[in-house]
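Here is what each chain is made of, one letter per residue.
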Amino acid sequence: MSVSVEEKKGPAPGDRRHPEPLHEPLVFERSGEGKVGYSLPPLDVPETVAIPEVLCRPDLAGETEISEVEVARHFTRLSRLNFSIDQALYPLGSCTMKHNPRVNEEVARLPGFASAHPLAPEEVSQGALELAWRLEKILSELTGLARVTLQPAAGAQGELAGILMVRAALAKTGNPRTTVLIPDSAHGTNPASAHFAGYKVRELKSNARGTLDLHVLEEAMTEDVAALMLTVPNTLGIFENQILDIARIVHGKGGYLYCDGANFNSFVGIAKPGAMGIDVMHMNLHKTFSTPHGGGGPGAGPVAVAESLVPFLPRPTVERRTDGAFSLDHDRPESIGRLRTFLGNFGMFVRALAYISSYGNRIGDVARGAVLNANYIRAGLAGVYHLKYDAPTMHEVVFSDKKQTASGIHAMDIGKRLMDYGFHPPTISFPLIVYGALMIEPTETESKTGLDAFVAAMRKIARESEEDPEIVKTAPHTTPVRRVDEVGAARNLVLRWRP
Amino acid sequence: MKFLPTSDADRSEMLRAIGVSSVEDLFASIPAEVRQPADLPPPLSEIEVRRLLGSLAARNANARESAFFLGAGIYNHYISAIADQMLYRAEWLTSYTPYQPEVSQGTLQSIFEFQTHVCLLTGLDVANASLYEGASALVEALLMASRLCRGRTRAVLSAGIHPEYRETVRTYFSALGFTSVEVPIGPDGRTDPKALARAVDADTFAVAIQSPNFFGVVEDWKVGSDAAHAKGARAVAVVAEAVSMALLAPPGEREADIACGEAQSLGVPMHFGGPVLGFLACRAEHERQIPGRLVGETRDADGRRAFCLTLSTREQHIRRERATSNICTNQGLMALASNIHCSLLGKKGLREVALQSHAKAEYLKREISKIPGWRIPFGAPTFNEFVAEGPEPASPLLSRLARRGILAGVPLSRWDPDAPNRFLVAATEMNTREEMDRLVAALKAGGTGDRQVPRQDRP
Amino acid sequence: MNPEELHYTASHEWVRIDGDVGTIGITDYAQKELGEIVYLEMPEVGHVFNADEEFGTVESVKAVSELYTPVSGEIVEVNKGAVAEPGIVNDDPFGDGWLIKMKLTTDEEVGKLMTAEQYAKYVQQEEKER
Numbered sequence: 006m007s008v009s010v011e012e013k014k015g016p017a018p019g020d021r022r023h024p025e026p027l028h029e030p031l032v033f034e035r036s037g038e039g040k041v042g043y044s045l046p047p048l049d050v051p052e053t054v055a056i057p058e059v060l061c062r063p064d065l066a067g068e069t070e071i072s073e074v075e076v077a078r079h080f081t082r083l084s085r086l087n088f089s090i091d092q093a094l095y096p097l098g099s100c101t102m103k104h105n106p107r108v109n110e111e112v113a114r115l116p117g118f119a120s121a122h123p124l125a126p127e128e129v130s131q132g133a134l135e136l137a138w139r140l141e142k143i144l145s146e147l148t149g150l151a152r153v154t155l156q157p158a159a160g161a162q163g164e165l166a167g168i169l170m171v172r173a174a175l176a177k178t179g180n181p182r183t184t185v186l187i188p189d190s191a192h193g194t195n196p197a198s199a200h201f202a203g204y205k206v207r208e209l210k211s212n213a214r215g216t217l218d219l220h221v222l223e224e225a226m227t228e229d230v231a232a233l234m235l236t237v238p239n240t241l242g243i244f245e246n247q248i249l250d251i252a253r254i255v256h257g258k259g260g261y262l263y264c265d266g267a268n269f270n271s272f273v274g275i276a277k278p279g280a281m282g283i284d285v286m287h288m289n290l291h292k293t294f295s296t297p298h299g300g301g302g303p304g305a306g307p308v309a310v311a312e313s314l315v316p317f318l319p320r321p322t323v324e325r326r327t328d329g330a331f332s333l334d335h336d337r338p339e340s341i342g343r344l345r346t347f348l349g350n351f352g353m354f355v356r357a358l359a360y361i362s363s364y365g366n367r368i369g370d371v372a373r374g375a376v377l378n379a380n381y382i383r384a385g386l387a388g389v390y391h392l393k394y395d396a397p398t399m400h401e402v403v404f405s406d407k408k409q410t411a412s413g414i415h416a417m418d419i420g421k422r423l424m425d426y427g428f429h430p431p432t433i434s435f436p437l438i439v440y441g442a443l444m445i446e447p448t449e450t451e452s453k454t455g456l457d458a459f460v461a462a463m464r465k466i467a468r469e470s471e472e473d474p475e476i477v478k479t480a481p482h483t484t485p486v487r488r489v490d491e492v493g494a495a496r497n498l499v500l501r502w503r504p
Numbered sequence: 006m007k008f009l010p011t012s013d014a015d016r017s018e019m020l021r022a023i024g025v026s027s028v029e030d031l032f033a034s035i036p037a038e039v040r041q042p043a044d045l046p047p048p049l050s051e052i053e054v055r056r057l058l059g060s061l062a063a064r065n066a067n068a069r070e071s072a073f074f075l076g077a078g079i080y081n082h083y084i085s086a087i088a089d090q091m092l093y094r095a096e097w098l099t100s101y102t103p104y105q106p107e108v109s110q111g112t113l114q115s116i117f118e119f120q121t122h123v124c125l126l127t128g129l130d131v132a133n134a135s136l137y138e139g140a141s142a143l144v145e146a147l148l149m150a151s152r153l154c155r156g157r158t159r160a161v162l163s164a165g166i167h168p169e170y171r172e173t174v175r176t177y178f179s180a181l182g183f184t185s186v187e188v189p190i191g192p193d194g195r196t197d198p199k200a201l202a203r204a205v206d207a208d209t210f211a212v213a214i215q216s217p218n219f220f221g222v223v224e225d226w227k228v229g230s231d232a233a234h235a236k237g238a239r240a241v242a243v244v245a246e247a248v249s250m251a252l253l254a255p256p257g258e259r260e261a262d263i264a265c266g267e268a269q270s271l272g273v274p275m276h277f278g279g280p281v282l283g284f285l286a287c288r289a290e291h292e293r294q295i296p297g298r299l300v301g302e303t304r305d306a307d308g309r310r311a312f313c314l315t316l317s318t319r320e321q322h323i324r325r326e327r328a329t330s331n332i333c334t335n336q337g338l339m340a341l342a343s344n345i346h347c348s349l350l351g352k353k354g355l356r357e358v359a360l361q362s363h364a365k366a367e368y369l370k371r372e373i374s375k376i377p378g379w380r381i382p383f384g385a386p387t388f389n390e391f392v393a394e395g396p397e398p399a400s401p402l403l404s405r406l407a408r409r410g411i412l413a414g415v416p417l418s419r420w421d422p423d424a425p426n427r428f429l430v431a432a433t434e435m436n437t438r439e440e441m442d443r444l445v446a447a448l449k450a451g452g453t454g455d456r457q458v459p460r461q462d463r464p
Numbered sequence: 360m361n362p363e364e365l366h367y368t369a370s371h372e373w374v375r376i377d378g379d380v381g382t383i384g385i386t387d388y389a390q391k392e393l394g395e396i397v398y399l400e401m402p403e404v405g406h407v408f409n410a411d412e413e414f415g416t417v418e419s420v421k422a423v424s425e426l427y428t429p430v431s432g433e434i435v436e437v438n439k440g441a442v443a444e445p446g447i448v449n450d451d452p453f454g455d456g457w458l459i460k461m462k463l464t465t466d467e468e469v470g471k472l473m474t475a476e477q478y479a480k481y482v483q484q485e486e487k488e489r
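Chains as they are written, first to last, in our numbering: chain A, 6 to 504; chain B, 6 to 464; chain C, 360 to 489.
Honestly, the hints are just simulated from the structure, not real lab data. A quick note: this is a predicted structure, and the numbers were derived from the prediction, not measured.
Subject to a maximum C-alpha distance of 25 Å in a straight line, what follows is the list of computed SDA-like cross-link-like pairs (lysine to any residue):
#	chain 1	residue 1	chain 2	residue 2
1	A	K40	B	I87
2	C	K391	C	K480
3	A	K453	A	L386
4	C	K460	C	V404
5	B	K375	A	L48
6	A	K277	B	V28
7	A	K465	A	F435
8	C	K460	C	R375
9	C	K487	C	G394
10	B	K353	A	E75
11	A	K142	A	G282
12	A	K210	C	D411
13	C	K439	B	L153
14	B	K227	A	C61
15	A	K258	A	A225
16	A	K277	B	F8
17	A	K393	C	Q484
18	B	K227	B	H291
19	C	K460	C	A443
20	C	K421	B	I323
21	A	K205	A	D229
22	C	K487	A	A213
23	A	K210	C	E485
Only part of the chain A face toward chain B is listed, based on derived beta-carbon distances under 7 Å:
#	residue
24	L45
25	I56
26	A77
27	L115
28	F244
29	G352
30	G365
31	R367
32	V376
Using N, Cα and C, we set each Cβ at its ideal position, and we do this for glycine too.
Just chain A, same shape as in the assembly:
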């Protein structure tokens, strides 16, 4: 699908190659009176409405009337307006867009999982409970931490759960403390989660290496600080090589070391967070463990904790009884409570267990592949794009547009131009400490051929930025729509179709 970058000139205006009609009407606009897209058996009990009329609605005005075949076409055509991992390299930094094995999808749809109900009696739900129990054991082994809650629905909810556990543990000693420390390179969910856990946020300035400065930490780490939230490796793809000193400083003042495990895919199976002095860490099953991103969810954000935080885990936990049967334990008086209904995003647990089982004790190859690929891209683009922090790269590398801004080209333009070469853009403008950031994460599932094509496209765009900046500034030229007016969307909000 990617355009050959050997050709002299890159795709230009008018080179739109999209085969479909570029626009698909809204499903509501495809609706036609009298059409039907479903079938139900005839009602086999007496028809009745035993609810007072004032509490009922007369109809569903505005809803669709459409046949199945039109629905099939509509959603198939819409899908073709999306870029996806199965199409080509999707180097969205920090999002870990790796291949999603299809056997995971298949097993997640087994009736014993997809059609199982969370409140069925435990004795007829033993397979589901055992699956959750096994996944917890595996994540506990991989993190080197005592126990894991699978309940959080996504990484951000995992962060909240983790900090609430810290709060509960500190409150038990008489003082929940007031502040959470967060480096300036952190993802926005960290400060937001700390805020919703009732803490003030103090931002720590990164050092010239792009990592945490021990002096800055020592000065900030008082007995008023509940936790340091640290992303390891950080959002620059740089490992905190002083992690053991960091843990010592935090623990020295009675605080907890929280690890944002969004980047666990760069060291899973190679090193253990528990050994680093990390007390609590969330993981994103959709990143490290390859559950599909699905156009933005569902995720799952399990949280691993050290022994000291186990009493505070969300309710319920899954336990194996002495007779070997599995059951839910709701009777946990020190628990922070619940963050959502039922056990969590169980369907994601199924996929993650299938994925981890496929790798087994070779799971470290995930990290090896991810780090190798990121470093290969770094080597291919060094000197062409500016690298603000040149410490060793783990699973992702953050360049910037600094060399291109002189010609009026910004990171966003480079990202848009990549679409013309058949790639998804990297993460743009994040982390915030790199101005004009291009955050590239290839993941371990990209072949050398794919990486070479990406590097060639990026190099070509760098050349175009000097020789023909206009074609970059006005990119993309070949996508289903051209640049969209986000300013207009925000100034004049249209958030739904109206009948």
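Knowing the structure of chain A, use the given hints to seat chains B and C on it.
Below, chains B and C alone, put in the same frame as chain A:
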């Protein structure tokens, strides 16, 4: 490993280009003392993965192989084959958050359509791109109400709200200095309007009621709206069985300010409780306080209709600790499933599903009430779920029935130890009269008798 | 390009003093950094602020910035035109794109703000540190 496309020769070439001699050299910044391999079993082939997960799946009773009457927030409704098969398309499954609208119009337009379905069902102006699930959707709705009534610290919740939702609210509120006050339900199963009004004061930012409530009883949203508005608070309508919105008066029409809850029953499999599909809708004047993602309509550089994420400045990636919420994702694939489902069923189908579910539950309720020693404790109208009370403790009875292939209901004893004999029974369009009669016969027999042969011919 | 007669803050607001009334806006540099502005959140008339207090926010599509009062005083007017058409702030930040007018509590605070020349140097430094 079949998911890793790098050959040994590729690796050598790549290492040469990087300028290191081995992959391990790339991990030099990780201190040696923390490096530990994982103690896991050897890798499994695809056949073995199927076998392992298949053996776990086989040990779960499920709606395909049982007479199934479980509800309490997760329901077994019809899902067309096309809805799930569409989710397999790589363009839906393996794409991500539509940050780059030029290559994400499919996802963006689908979310825009989903937002429209939610607005039509709730009778409100604006809906977001979805939230995790029902309980955290209620939390987000309450926090939104708190921003609309700055300085106030209390939320009044009906005890008819799903107990796990209320527990979730307590978790989130604990650290924020907010309190939730619970108003009990009356003897007929409805929230007592007078008690509700009394509980609301000038420090109250929200009044939330659920309909149908946890006991299946239909509430009038207006009771919550009136109680809230009398004191300048916001009325939050909670829906845990979204199919009901096709039959019952929508929250917006009954003056609720925010509607939220769980839309699993609109096209999402039960998944042992997750992933499911939270939703949130509100009036247009409050749209800047809505949490989570929003898709808006706009134009591209050539003037054609296009869609993009909008009002992002409310969100954590820009506003950080000052964001309206810490949420970073929606339930993209589930929202797509629900969009497909709602579009297929549409105006007539959504309503027919609601009417059938209601009629079947009415039939079952009547038949159970006729069994000697059994009664229906709440007299108010119900939608598709109701409380049944028999002559013996429910949990052991339900376990006996489950072993006979009948998943008859959800015992209430976990939430109400004083009602050991009560349980919730739900019916949907998926239930046949034959299996409802079988349930009634089994209840009459006290849950004993031969194990039924599991049905394999279910849709 | 930064008008000489204005006084500037490190958070990129400016104030023009006219008797005991200060007109406040954001600088040209600030509007360029934000990009096209889509929304302004402004305080109510009559609200009293100390110097360096947050009085509102300005939003573009990709960024949001809190606004801080350069001086203490009471809000006497909000630029309704800018609230309705926030693009004015991009087009004319020092003129029609002003945001609020305040009745000053004291005339002693203005002296602590930056001159146009100092502000230009400050911006230069900020750009260099990127």
